[in-house]
Each structure stands twice: as C-alpha cells, then as structure tokens.
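The UniProt record's numbering applies: residue 1 is where the sequence shown begins, and numbers increase by one.
Quick caveat, the hints were computed from the structure, so don't treat them as lab data. These figures come from a predicted structure and were not determined experimentally. Glycine included, every Cβ here is placed at the ideal spot set by N, Cα and C. Among these hints, one or two may not hold up.
[Stated by the list, open to error] Derived pair list, reagent style BS3-like, types lysine-lysine, alpha-carbon separation capped at 25 Å:
| # | residue 1 | residue 2 |
| --- | --- | --- |
| 1 | LYS96 | LYS6 |
| 2 | LYS55 | LYS74 |
| 3 | LYS107 | LYS6 |
| 4 | LYS74 | LYS107 |
[Claimed, not checked] Here are the simulated distance ranges between beta carbons:
| # | residue 1 | residue 2 | range |
| --- | --- | --- | --- |
| 5 | ASP42 | CYS121 | 26 to 34 Å |
| 6 | THR73 | PRO10 | 17 to 25 Å |
| 7 | ASN30 | ARG58 | 22 to 30 Å |
| 8 | ALA122 | GLY61 | 38 to 46 Å |
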Amino acid sequence: MNVGEKMVSPAITTGLTTPIRDALQVMTQNTVRRLPVVDHHDRLVGIIAFHDIDKAMRSAGIIPLTPVEWVMTKNPVYCEVQTPLADAVRLMRRYKVSVLPVLEGEKVVGILSVSDVLDLCAQLLEGSN
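Starting from the given sequences, assemble the full structure and let the hints guide the process.
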C-alpha cells in the first residue's frame, strides 16, 4: 500500500509571506493543525503547526502580521505519493513527526498524518475479527 492511497488530498498549503494570523485562520476553517509552506514556485520549503503559532504569539516582538517564514520549521521531512506506507510510518517514527507532506515531483499534492495511519489500523483490526 502506498502513501497516495491513504493521504488527504489536496493538501491545504500556505505561503512564506502569509501572516501567521491568516495561517491560523486557514487552520481553524479547515480543522487542521499543520500546513505545508510553499514558495512562489509551489515547492515545499517548510511546515507550520498550530503550536508554532501559539508559541510565537507568546514571544516578544511577534505580532499577528509576522510572516509564516519566521515561525515555520524549515526543510520538513516529507514523502512521495508512491512511497510505501510502511516506509512513511518509519519516517514519522524516526523523525518524531506527526504529519508528512506528500510530494509528486516538487509539488505538494497531499498530507499524511498519524490520524490517517491510525484510521487504517482501526479498519484492519475491525476486519480481523
């Protein structure tokens, strides 16, 4: 089974210069906690999480108009659509991340979260009864 079969697609992304206030609003509207960050060529350059924004907003000098680029995690761990799902899970464990942006070439086409993997586990366990 490949990542492409279980990822959520399309991925909801944000840009480098998006104010963190706007990124938080996108997260809230779409009930997601993380957004892949793309450059002006739609290439993955980072990831921003709800807790990154929350932590930043409690820091001196950070205002709601601060760009995502200042707060995001750069060079995030990612996988590709054809990556075997087991390999993606191993990446999540190795790097202690709960989400992987999914790329096709250089374009972010989806996102795979621990919740997606747990949903699959529940389905498999239910099917084994």
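Q.
Given the hinted pair LYS107 and LYS6, is their Cα-Cα distance within 25 Å?
A. holds, 18 Å
Q) Does the Cβ-Cβ separation between ALA122 and GLY61 fall within 38 to 46 Å? A) holds, 44 Å
Q) Quick one: are ASN30 and ARG58 within 22 to 30 Å, going by C-beta? A) holds, 24 Å
**Q.** Consistency of beta-carbon spacing, PRO10 to THR73, with hint 17 to 25 Å
**A.** holds, 21 Å
Q: Verify the proposed pairing of LYS96 with LYS6, using a straight-line Cα cut of 25 Å.
A: holds, 20 Å
Q | Satisfaction of the hinted span 26 to 34 Å by the C-beta atoms belonging to ASP42 and CYS121 | A | holds, 32 Å
Q. Does LYS55 pair with LYS74 here, judged by a C-alpha cut-off of 25 Å?
A. holds, 16 Å
Q) Holds or violated: LYS74 with LYS107, Cα cutoff 25 Å? A) Since the Cα atoms of LYS74 and LYS107 sit roughly 16 Å apart, the hinted pair holds (cutoff 25 Å).
Against the hints set out earlier in the document, no violation occurs for any number.
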